[in-house]
Amino acid sequence: MLEVEGLCVSVAGKEILKGLDLSVEAGTVHAIMGPNGSGKSTLAYVLAGRDGYDVTAGSVTYRGQDLLALKPEMRAREGVFLAFQYPVEIPGVGSATFLKTAVNAVRKHRGEKEYDAMEFLKVVREKREALNISKEMIRRPLNVGFSGGEKKRNEVLQMALIEPTLAILDETDSGLDIDALKIVADGVNALRAPERAMIIITHYQRLLDYIVPDHVHVLAQGRIVRSGGKELALELEENGYGGIVPGVPGAEAAA
Amino acid sequence: MAALSAITRPGRSIAMPYAANFEALRAHLPGADLPWLAAERGKAIARFAELGLPSQKVEEWKYSNLSRLAKMEFAPSEQNVSPNVRSEIAARFARENAQTHRLVFINGHLDSTLSDRADPADGVRVLGVAEAMAEDAELLKRHLAAAPPFNGNALAALNSAFMADGCMVILQPDAEIALDLLFVAAPGTGIPAYHPRLVIAAGANSRAVIRERHVALGESEYWSNPVTAIGLESGAHMRHYKLQEESPNAWQTALITARLAARAVYENFIVSTGGRYARNEIEVALNDAGASCTLGGSFMLADVQQVDNRLRVDHAAPECTSRQIYKGVLDGRAHGVFQAKTIVRRDAQKSDGHQLSRALMLSPGAVMDTKPELEIYADDVKCSHGATVGELDDEQIFYLRARGIGEAAARGLLIAAFMNEHLDMVSDTPARKMLGAAVTRWLASRGLEGGE
Numbered sequence: 001m002l003e004v005e006g007l008c009v010s011v012a013g014k015e016i017l018k019g020l021d022l023s024v025e026a027g028t029v030h031a032i033m034g035p036n037g038s039g040k041s042t043l044a045y046v047l048a049g050r051d052g053y054d055v056t057a058g059s060v061t062y063r064g065q066d067l068l069a070l071k072p073e074m075r076a077r078e079g080v081f082l083a084f085q086y087p088v089e090i091p092g093v094g095s096a097t098f099l100k101t102a103v104n105a106v107r108k109h110r111g112e113k114e115y116d117a118m119e120f121l122k123v124v125r126e127k128r129e130a131l132n133i134s135k136e137m138i139r140r141p142l143n144v145g146f147s148g149g150e151k152k153r154n155e156v157l158q159m160a161l162i163e164p165t166l167a168i169l170d171e172t173d174s175g176l177d178i179d180a181l182k183i184v185a186d187g188v189n190a191l192r193a194p195e196r197a198m199i200i201i202t203h204y205q206r207l208l209d210y211i212v213p214d215h216v217h218v219l220a221q222g223r224i225v226r227s228g229g230k231e232l233a234l235e236l237e238e239n240g241y242g243g244i245v246p247g248v249p250g251a252e253a254a255a
Numbered sequence: 256m257a258a259l260s261a262i263t264r265p266g267r268s269i270a271m272p273y274a275a276n277f278e279a280l281r282a283h284l285p286g287a288d289l290p291w292l293a294a295e296r297g298k299a300i301a302r303f304a305e306l307g308l309p310s311q312k313v314e315e316w317k318y319s320n321l322s323r324l325a326k327m328e329f330a331p332s333e334q335n336v337s338p339n340v341r342s343e344i345a346a347r348f349a350r351e352n353a354q355t356h357r358l359v360f361i362n363g364h365l366d367s368t369l370s371d372r373a374d375p376a377d378g379v380r381v382l383g384v385a386e387a388m389a390e391d392a393e394l395l396k397r398h399l400a401a402a403p404p405f406n407g408n409a410l411a412a413l414n415s416a417f418m419a420d421g422c423m424v425i426l427q428p429d430a431e432i433a434l435d436l437l438f439v440a441a442p443g444t445g446i447p448a449y450h451p452r453l454v455i456a457a458g459a460n461s462r463a464v465i466r467e468r469h470v471a472l473g474e475s476e477y478w479s480n481p482v483t484a485i486g487l488e489s490g491a492h493m494r495h496y497k498l499q500e501e502s503p504n505a506w507q508t509a510l511i512t513a514r515l516a517a518r519a520v521y522e523n524f525i526v527s528t529g530g531r532y533a534r535n536e537i538e539v540a541l542n543d544a545g546a547s548c549t550l551g552g553s554f555m556l557a558d559v560q561q562v563d564n565r566l567r568v569d570h571a572a573p574e575c576t577s578r579q580i581y582k583g584v585l586d587g588r589a590h591g592v593f594q595a596k597t598i599v600r601r602d603a604q605k606s607d608g609h610q611l612s613r614a615l616m617l618s619p620g621a622v623m624d625t626k627p628e629l630e631i632y633a634d635d636v637k638c639s640h641g642a643t644v645g646e647l648d649d650e651q652i653f654y655l656r657a658r659g660i661g662e663a664a665a666r667g668l669l670i671a672a673f674m675n676e677h678l679d680m681v682s683d684t685p686a687r688k689m690l691g692a693a694v695t696r697w698l699a700s701r702g703l704e705g706g707e
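Protein sequence lines correspond, in order, to chains A and B. Residue 16 in the working numbering sits at position 16 of the first sequence; the count goes up by one each step and never skips. Each number in the working numbering corresponds to the 1-based position in the second sequence with 255 added.
It is worth saying that the hints were derived from the structure and are not from the lab.
Which residues of chain A face chain B? A few of them, derived with a C-beta cut under 8 angstroms, are: (1) Ala48; (2) Asp51; (3) Ala76; (4) Arg77; (5) Leu82; (6) Phe84; (7) Val88; (8) Val93; (9) Thr101; (10) Gln158.
Label pairs and their computed distance ranges (CB to CB): (11) Asn504/B x Glu5/A: 54 to 62 angstroms; (12) Arg323/B x Met118/A: 48 to 56 angstroms; (13) Lys71/A x Arg696/B: 25 to 33 angstroms; (14) Lys108/A x Asp649/B: 19 to 27 angstroms; (15) Glu119/A x Asn339/B: 38 to 46 angstroms; (16) Gly702/B x Gly111/A: 20 to 28 angstroms; (17) Glu650/B x Lys14/A: 17 to 25 angstroms.
No residue lacks a Cβ here, since even glycine has one placed at the ideal position from N, Cα and C.
Could you put the whole structure together from the sequences, leaning on the hints where they help?
Set out below in structure tokens:
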């Protein structure tokens with residue numbers, strides 16, 4: 001589904017990704033772990049199409065097409081979804097208005113019928129109840145005044161409504177207490193499907209106790225330096241990034 | 256000699272051939288048979304001759320260049336319009352509030368065919384200014400005399416000289432009215448100038464909602480120079496809304512003056528999306544204890560449009576409250592101005608005044624000038640002012656696009672959010688609907704439809 005080959009990315013003239021390779025098949029969950037500053041969030045943003053990330057070499061092929069040639073909104077409509085590490089607050093835009101606009105933009109592109117107001121309320125109710133999101137939260141301006149946990153649950157709600165093909169979760173566990181983490185993980189696990197792939201970006205092993213990956217990759221200094229099964233995450237927890245990737249400056253324990 | 260040289264200081268005014276041609280044009284004006292009115296017109300044109308059209312050397316006009324307006328040769332506005340024009344107006348600007356009265360003005364003249372004046376409630380009188388000249392000149396004379404003399408305001412003097420029609424709303428104590436006023440510019444021959452006059456006299460504890468909408472049938476050039484004089488007796492509450500959607504080639508210079516007695520409340524909100532040049536000038540005098548005013552405004556401009564908002568609130572008595580809050584969205588090479596002055600007199604203790612200007616710049620060529628001023632002579636007051644100028648947030652745009660919302664729609668959503676939040680100040684539901692629809696129309700006209 002996704003083939004990343006030799007990807008080099010610079011931000012403000014500084015090279016962050018230095019020849020990254022990654023292959024993700026439908027139905028699989030890949031965890032990308034790495035120390036701070038290794039390029040994890042850069043990978044997430046460059047896949048989603050954010051400005052300011054210059055691809056200097058390499059390619060990204062998504063379902064047979066050049067992902068990097070698509071505008072961010074087209075990537076989203078084609079099924080790429082980024083759950084943000086820091087969801088953006090947008091005063092004055094109601095959460096419900098935003099959700100409906102986004103979901104219908106994607107549905108329209110897929111040739112599906114757009115939801116009317118009544119249908120949409122019904123769909124939202126089902127999904128938000130599973131994520132323990134109150135009706136009141138949906139009425140508020142988007143992410144404004146939401147707690148860290150509420151923002152992350154709201155990201156998963158968007159994912160559940162948009163039903164992406166490739167979901168990229170950027171540090172979705174950061175700032176969550178254990179109860180919120182379980183709710184978010186349950187929400188993500190409910191979306192696991194044979195036609196859908198996920199990339200879970202995380203600094204800590206903890207999230208992977210709840211969302212068990214099929215593959216684990218270690219990202220350091222802009223490259224995937226090691227790949228393995230779910231046991232690689234446990235090894236990282238025991239030995240720290242320094243133990244796995246000797247010579248990684250500033251590498252610390254991943255627990 | 257000193258006073259005279261102050262008035263005629265070189266460069267402070269611009270010659271205007273149109274005004275000099277008053278003697279020839281006055282024959283077209285209604286009420287020519289009323290000697291007192293002829294005398295008032297004569298005094299007004301003499302005052303204009305003294306003042307001249309303001310140049311940018313006059314402080315309140317420093318952001319506006321009227322030299323092009325000064326050179327224009329204006330024709331008298333046409334009163335007779337074809338039935339086609341009437342049916343187009345009726346179709347395009349249908350009455351939205353069936354239960355309220357609506358007066359329709361075409362080219363500044365009250366059109367009785369399109370106007371809808373059911374029997375007014377007790378204690379309410381609504382009549383056209385030209386009607387008053389013909390039917391109740393004493394009433395008009397009395398109310399014109401009660402209004403402030405517009406000292407030093409050249410454009411108001413010109414309105415007094417050329418005033419042809421308009422509207423009087425007179426409320427007895429405790430009376431109530433909701434009134435829609437539609438001003439339509441219909442294309443004709445030449446470049447017309449209109450000088451409508453609105454007189455609103457609200458008795459003690461009366462309540463009024465007035466919604467004005469200024470539109471054009473085409474994109475013709477014309478000049479509308481309305482003057483509104485409002486007097487609110489004690490406890491009167493007036494909500495006054497205006498949608499300025501003039502032709503993109505039009506000039507509008509509007510003055511509103513309001514005098515408030517004890518505990519009177521004046522709420523004003525103006526949305527400006529039209530005109531090549533528009534001036535919203537509002538002067539409020541809080542003359543007795545506990546009066547309050549809220550002046551809100553939004554302007555959404557593109558191309559070479561300019562809107563110059565100039566507000567002045569005079570706290571002349573204790574315990575009065577004022578709010579002056581304007582927000583603008585500027586695209587292309589548009590130019591927005593917010594000049595607000597709050598004066599707190601020495602005896603006006605416990606005054607509470609706040610000024611805020613916020614502008615959203617969509618293009619590097621757009622310009623916003625902001626000049627909030629507080630002039631405070633009392634010592635126990637709460638006054639503040641603030642101003643921000645910003646751009647759309649790239650992170651917010653990316654977040655919306657990353658959810659499948661196109662770039663234009665994302666920008667539209669954010670602009671609508673910026674504006675609609677402000678419209679919460681509008682407490683009258685039909686007015687909020689009218690003004691909100693204008694925001695949506697502006698976004699659609701720029702290809703920036705966002706969401707719902």
